Amino acid sequence: MTTKTPPQFSATFDDYTQAEIRRAAATGIYDIRGGGAKRKVPHFDDLLVLGASMSRYPLEGYRERCDTDVMLGSRYAEKPIHLKIPITIAGMSFGSLSGPAKEALGRGATLAGTSTTTGDGGMTDEERGHSERLVYQLLPSRYGMNPRDLRRADAIEVVVGQGAKPGGGGMLLGQKISARVASMRTLPEGIDQRSACRHPDWTGPDDLAIKITELREITDWQVPIFIKVGASRPYYDTALAVKAGADVVVLDGMQGGTAATQAVFIENVGLPTLAAIRPAVQALQDLGVHREVQLVISGGIRSGADVAKALALGADAVSIGSAALTAIGDNDPKWEADYQALGTTAGAYDDWHEGRDPAGITTQDPELAARLDPVAAGRRLANYLSVMTMEAQTIARACGHNHVHNMEPEDLVALTIEAAAMAGVPLAGTDWIPGKTRF
Amino acid sequence: MTSFDLAAQPLRDLNRALHGIADGDNRTAWEILNPRGAHAVAVGVNQPVDITVKGNVGYYCAGMNEAATITIEGSAGPGLAENIMSGTVRVKGDASQYAAATGHGGLVVIEGNASSRCGISMKGVDIVVGGNVGHMSAFMGQAGHLVVLGDAGDGLGDSIYEAELFVRGTVKSLGADCIRKEMDEAHIATLAGLLAKAGFDADPASFKRYGSARKLYHFNVDHADAY
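Protein chains in written order, with the working numbering: chain A, 1 to 439; chain B, 1 to 227.
Just so you know, these hints were derived from the structure itself, not from any lab. The structure presented is a predicted model; accordingly, all values stated were derived computationally and were not measured. One thing to keep in mind: the hints can contain errors.
Claimed, not checked - Among the chain A residues that face chain B by a calculated CB cut under 8 Å, a handful are:
hint	residue
1	R142
2	I191
3	R194
Cβ atoms here follow ideal geometry from the backbone N, Cα and C, with glycine treated the same way.
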């Protein structure tokens, strides 16, 4: 009988934590990476859909219609955007992404009948040309912002924050500031590009209301104005966005990706997407503008089930970023040898800021970018969007709905107490909604 | 002269009319009466016309201007000529916060004083201020010139990139990575040109030049205190 106890590892100081402490001690620099929160948080997987039963009448798959279209921007804009599917492509910049990647996103979105979005760095002619419906972001940096592109956009998205870093700015490291990216951003080539966390010419919702008026006046009230916020105080942020004059509120949870931010920021600031939806919907309902001001949810949307659940909780549409990159080839195991050479593995690669993406997506290296065929990648994205849409339709029909927007909270239950409280739906097998009803 | 009275006609009609000016249009001179502090007056104009605003304006007057020459016979609220691309915007009085913010080109002349964050994130615009500028002016200035005939407040040129700053009076403090630089003949010639364009009679040799030390261009842990 041995007198020694076996080695015991700490749950608090696990292998990853210890490695990060050693890395920080060696370099003096915090870890920067791309993507969204990787920690496990309550999500759509914690919800289940209640199909039809004695009290609900299902629709026949393949025979009875279940529509999926959505109109964004009908509150004030003379030309709201009509989408065939309730899934849009989130803002990702040329600069963080390669030219072929942006083209692929535009091609895929157009094939699927939906919109794509610019990013921090302006609009390229290729992106405009390949995107039938293009949302133009107005960000704090105003890189590449100009009235000509403003007028040729189908909508304008004022970015107040994003889910990966609510309250944070951005940093595109010098490796990705190629001559073209530098020119579009009016910066010297090869230097780190810092993006401010606040807009330069307005402070607070009262100012924002006036800013939006200016944007509407410049574009003659033609196109919708979106306001994008990171999920942190969704009830008040949504209410204030409505007050500021938004046509559409885009709400991004902490699983939503970023091109490059401190890992500690991504993992510790903001709310999971699931926790943000109901407060935002409640704000719209309290103001009497639910469905008049559309709500777009993003952050960790992966499948038609996620789409159906988000819509059931009250969203009008969802937006995808990370999933879209995966669809066009990001982290594809076919590049495993290259990922290994970078000290990582397919599926975990997130050093997007370094510009050495083997898949040719998060890079400005011409040789790497040439690996991505934008036509084939666009087709893959369109296929993926089509699958997600059909999946959402399947679920909606099973609940007896002839439009995916007719999904409702009563179609859902939660598997955990946490998810039940966040989503405001009963714990499965009970009628208990924590915080709303008594057990 | 085409006259537009904001006391009698809505702002939306004014901007639509200005956007409706076509190439070769003979309506090249406009006057806007009774602005009374209205916001977003003459925004997004993209033709080489002369516009005179007879009074004070609110936020974002002349925003995103392209090619037009816009004169405000009064003072301007926040965001004057924000994101200006080209043309000239002149304010006879004072300008509030963020004047010429993120401007890509053109000339903005403020005959009086400018408040805080004048030229914030400027990307090529030339700004000439007859009086003083407030704190954090030219914050993250990327390109272009800011000329101040009076004094500058705290944090001038904080986190500046390649914008060039000329100040005749005192600077209360410089922001992170902003330093005083040599004035050579080329700089004096540039400054003289800017003063002449803006219509100010001042000796370029009496100004000091400020710009980026370029120490924040690549992250370095030894400069972490400056972030």
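Checklist line | Violated hints, by number in ascending order, as checked against the structure | finding: none
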